[in-house]
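Top line first, the protein sequences correspond to chains W and B. Note that the working numbering gives residue 124 to position 124 of the first sequence, counting from 1, and the numbers run on in steps of one. Note that the working numbering gives residue 1160 to position 160 of the second sequence, counting from 1, and the numbers run on in steps of one.
Derived by calculation from the structure, the hints in this document are not laboratory data. Treat the hints with care, as some may be off.
27 Å max Cα-Cα, derived DSS-like pairs, lysine-lysine [as the list claims (entries may be wrong)]:
#, chain 1, residue 1, chain 2, residue 2
1, W, Lys406, W, Lys31
2, W, Lys370, B, Lys1128
3, W, Lys28, W, Lys292
4, W, Lys268, W, Lys338
5, W, Lys370, W, Lys334
6, B, Lys1128, W, Lys251
7, W, Lys117, W, Lys406
8, B, Lys1128, W, Lys220
9, W, Lys268, W, Lys96
10, B, Lys1128, W, Lys268
11, W, Lys117, W, Lys292
12, W, Lys96, W, Lys191
Pairwise CB distance ranges (calculated) [said to hold, decoys possible]:
#, chain 1, residue 1, chain 2, residue 2, range
13, W, Lys119, B, Val1269, 52 to 62 Å
14, B, Phe1258, W, Lys292, 27 to 37 Å
15, W, Gln373, B, Glu1126, 49 to 59 Å
16, W, Ala333, B, Val1056, 52 to 62 Å
17, W, Lys96, B, Gly1108, 40 to 50 Å
18, W, Glu341, B, Ile1224, 13 to 23 Å
19, B, Leu1097, W, Pro329, 48 to 58 Å
20, W, Gly62, B, Val1056, 56 to 66 Å
21, W, Lys96, B, Tyr1259, 38 to 48 Å
22, W, Gln373, B, Val1269, 44 to 54 Å
23, W, Lys292, B, Val1056, 48 to 58 Å
24, W, Asn300, B, Glu1126, 51 to 61 Å
25, B, Glu1126, W, Pro343, 56 to 66 Å
None of these values were measured; they are calculated from a predicted model. Each residue gets a CB set at the ideal place from its N, CA and C atoms; glycine is no exception.
Residue strings, one per chain:
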Amino acid sequence: MKHRISALFLGTALALAAGGGAALAQDKTVKVGVLTDNSGLYSDLGGAGSTLAAQMAIEDSGMAAKGWKIDLISADHQNKPDIATTIARQWADVEKVDIFMDVLNSGVALAVNNVVKEKNSVMINTGAATSDLTNAQCSPNTVHWVYDTYMLANSTGQALVKAGGDTWYFLTADYAFGAALERDTTAVIVKSGGKVLGSVKHPLNSSDFSSFLLQAQASKAKIVGLANAGGDTTNSIKQASEFGIVAGGQKLAGLLLFITDVHSLGLKVAQGLNFTETFYWDLNDGTRAFSKRFSERMKNKAMPSMVQAGVYSGLIHYFKTLEAMGGNPHDGAKVVAKMKELPTDDALFGKGSIRADGRKIHPAYLFEVKAPQDSKAPWDYYKLIGTTPGEQAFRPLSESACPLVKK
Amino acid sequence: MQALYAQLLVGLINGSFYALLSLGLAVIFGMLNIINFAHGALYMMGAFCAYFLLNVAGIGYWPALIIAPIAVGIFGMILERTMLQWLAGLDHLYGLLLTFGIALIVQGVFQNYFGSSGLPYAIPDELKGGMNLGFMFLPIYRGWVVVFSLVVCLATWFLIEKTRLGAYLRAATENPTLVRAFGVNVPRMITLTYGLGVGLAALAGVLSAPINQVRPLMGADLIIVVFAVVVIGGMGSIMGSIITGFALGVIEGLTKYFYPEASNTVVFVLMVLVLLVKPTGLTGRAA
């Protein structure tokens, strides 16, 4: 009798454990959090557009029809790392967010990177530039999707030095991103036989650049490299034309420009600029179809930036991974490991892969901004002048300082 | 040495924006006792007004210099009539909170419709190009900004300190009841004064439109510095805020040259120093 009862207990316990395990594996709920700048200088390139891209990815993935329940929330980190980490902790602990999307601004991204690792969530970063996210600061929970400072430096920097721009002067935004971009570009310039004559660090979100531009002018460098982003870059470019920098024979290099910046500058001011992006709405049929749908749902009818396109593309891959796993294990490191196993393929960034260090690999495109008379339609802004294959565009694994990379 | 001259001149250009904006604030504070936190938003509205005049109505820069300040000034007067006037006699804090709230709402609405990266506004053809001064290349437009804002500042100072109308105004701030007894319509005068201060902000907005991108947050970035300028110059002092505006532009310009990282904090360091030594500001009278 005693034996039978204990056997019964054991059986029940086993059944419960097995049942529980099955329930866990079949847990088909996901919570997506878009953490971005909703109100500041970067809100046009991420912001509400990133949330829309996430919404579209959820709809297009068809997960709901397969029995998944996907929630989407978003928040404004105001470009402040302390606010961002507070939100991230609350999202992980209270809201039970599984995946952090966008997280633009390098300072914010590096801070949230630590929280995501500690809480074992997932971050697909599509907005921050710093290459440290997949180098010294790499994490088993983070994938860096769209671009990084190494790639920008490599593509734009090399192309300009090759074209004869062998002396540089930098205007650098004074925070993690600017420093990383200047550092990575300097390395490329020196390697290609060029020289950096100097640099000036300006506070984030400056409105007047004339002092800095005068210093760049006085340096007599052939290239004035703009290691800044968003409103800082557009104001630098606009004021550079006012102070006759380009007319005086110096060339501007916007190291990080987004289509929203070009739109805001207008082609008259922006024409002739060279820079690198990994997504442009008018690349092929896939990008055009997505961008058209996206733009129709945007309040100001804007085309997607590469950051917003990355949110869509990253989430599609994430959903694909969850489906391959048969359910959501709510274990960030495990999901990211699986994401790295599966090849990526979507209409926006094409075929690609995710490396051991968390770097998403896809081609980088060197663009030139069209002259006003060459632009045939609204948002027809870029001319493709070069493509770097994914394997060459990003930092080679052999140079990586990431502990996740086995050497 | 040449670089130094160039930085001084560039500083003077920025100083003219500080001067125009802080002048408007000083007028409003001096006459109405309102700490107008909506000033930055009104400055932004001036720039947007110029943008719309050009792109919707085809009206260029020169008429915009007059139309935009009047249009935004009228908006300001409506604000004063419908909201601010009820705060007369209350603590400064109420006016500050109300105008701050208005600023947030206005900026939010503009950002909702126009995004954050801004809209382009070209320099008028007459003022394109630049002059080589030997030590620097001076864009003609920047030179125009310095000269024009100096003229406007001095004219405003003259209006308030040297004319009969200005005398009424100053008297009305001291003792509104007595001035009323002389048959002067004090509430209307106060409304017009607020309109004048707001108009000055909008004028600065139009002037800055061709230099900066026309952005919803262009004023929010600037207003804090301008408040520091007003505090340093002495709250409510007209000449004080003009001189401090230009002087701080120059000091900030020099900081951008010698230690650029500190360029957006130097004004506040100065503010702390001035307040420690002379709490009423450089030209302020004791209350």
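Hints, one by one, checked against the model:
1. W:Lys406 - W:Lys31: Violated: W:Lys406 and W:Lys31 sit about 32 Å apart, past 27 Å.
2. W:Lys370 - B:Lys1128: OK: W:Lys370 and B:Lys1128 at ~23 Å, within 27 Å.
3. W:Lys28 - W:Lys292: 31 Å, violated
4. W:Lys268 - W:Lys338: Distance ~47 Å between W:Lys268 and W:Lys338 Cα, so the pair is violated.
5. W:Lys370 - W:Lys334: 45 Å, violated
6. B:Lys1128 - W:Lys251: 20 Å, holds
7. W:Lys117 - W:Lys406: 20 Å, holds
8. B:Lys1128 - W:Lys220: Since the Cα atoms of B:Lys1128 and W:Lys220 sit roughly 24 Å apart, the hinted pair holds (cutoff 27 Å).
9. W:Lys268 - W:Lys96: Given that 27 Å is the threshold and the Cα spacing comes to 48 Å, the pair is violated.
10. B:Lys1128 - W:Lys268: Holds: B:Lys1128 and W:Lys268 sit about 14 Å apart, inside 27 Å.
11. W:Lys117 - W:Lys292: Status violated; Cα separation ~36 Å.
12. W:Lys96 - W:Lys191: Violated, at about 46 Å.
13. W:Lys119 - B:Val1269: 52 to 62 Å: Given range 52 to 62 Å: violated, Cβ gap about 39 Å.
14. B:Phe1258 - W:Lys292: 27 to 37 Å: Cβ of B:Phe1258 to Cβ of W:Lys292: about 51 Å, so the range 27 to 37 Å is violated.
15. W:Gln373 - B:Glu1126: 49 to 59 Å: 24 Å, violated
16. W:Ala333 - B:Val1056: 52 to 62 Å: 54 Å, holds
17. W:Lys96 - B:Gly1108: 40 to 50 Å: 30 Å, violated
18. W:Glu341 - B:Ile1224: 13 to 23 Å: Since W:Glu341 and B:Ile1224 have Cβ atoms about 50 Å apart, the given range 13 to 23 Å is violated.
19. B:Leu1097 - W:Pro329: 48 to 58 Å: 49 Å, holds
20. W:Gly62 - B:Val1056: 56 to 66 Å: Since the Cβ atoms of W:Gly62 and B:Val1056 sit about 44 Å apart, the hinted range of 56 to 66 Å is violated.
21. W:Lys96 - B:Tyr1259: 38 to 48 Å: 47 Å, holds
22. W:Gln373 - B:Val1269: 44 to 54 Å: Distance hint for W:Gln373, B:Val1269 holds at roughly 50 Å.
23. W:Lys292 - B:Val1056: 48 to 58 Å: 27 Å Cβ-Cβ, so the 48 to 58 Å window is violated.
24. W:Asn300 - B:Glu1126: 51 to 61 Å: 32 Å, violated
25. B:Glu1126 - W:Pro343: 56 to 66 Å: 59 Å, holds
Checked against the numbered hints given earlier, the structure breaks hints 1, 3, 4, 5, 9, 11, 12, 13, 14, 15, 17, 18, 20, 23 and 24 and satisfies all the rest.
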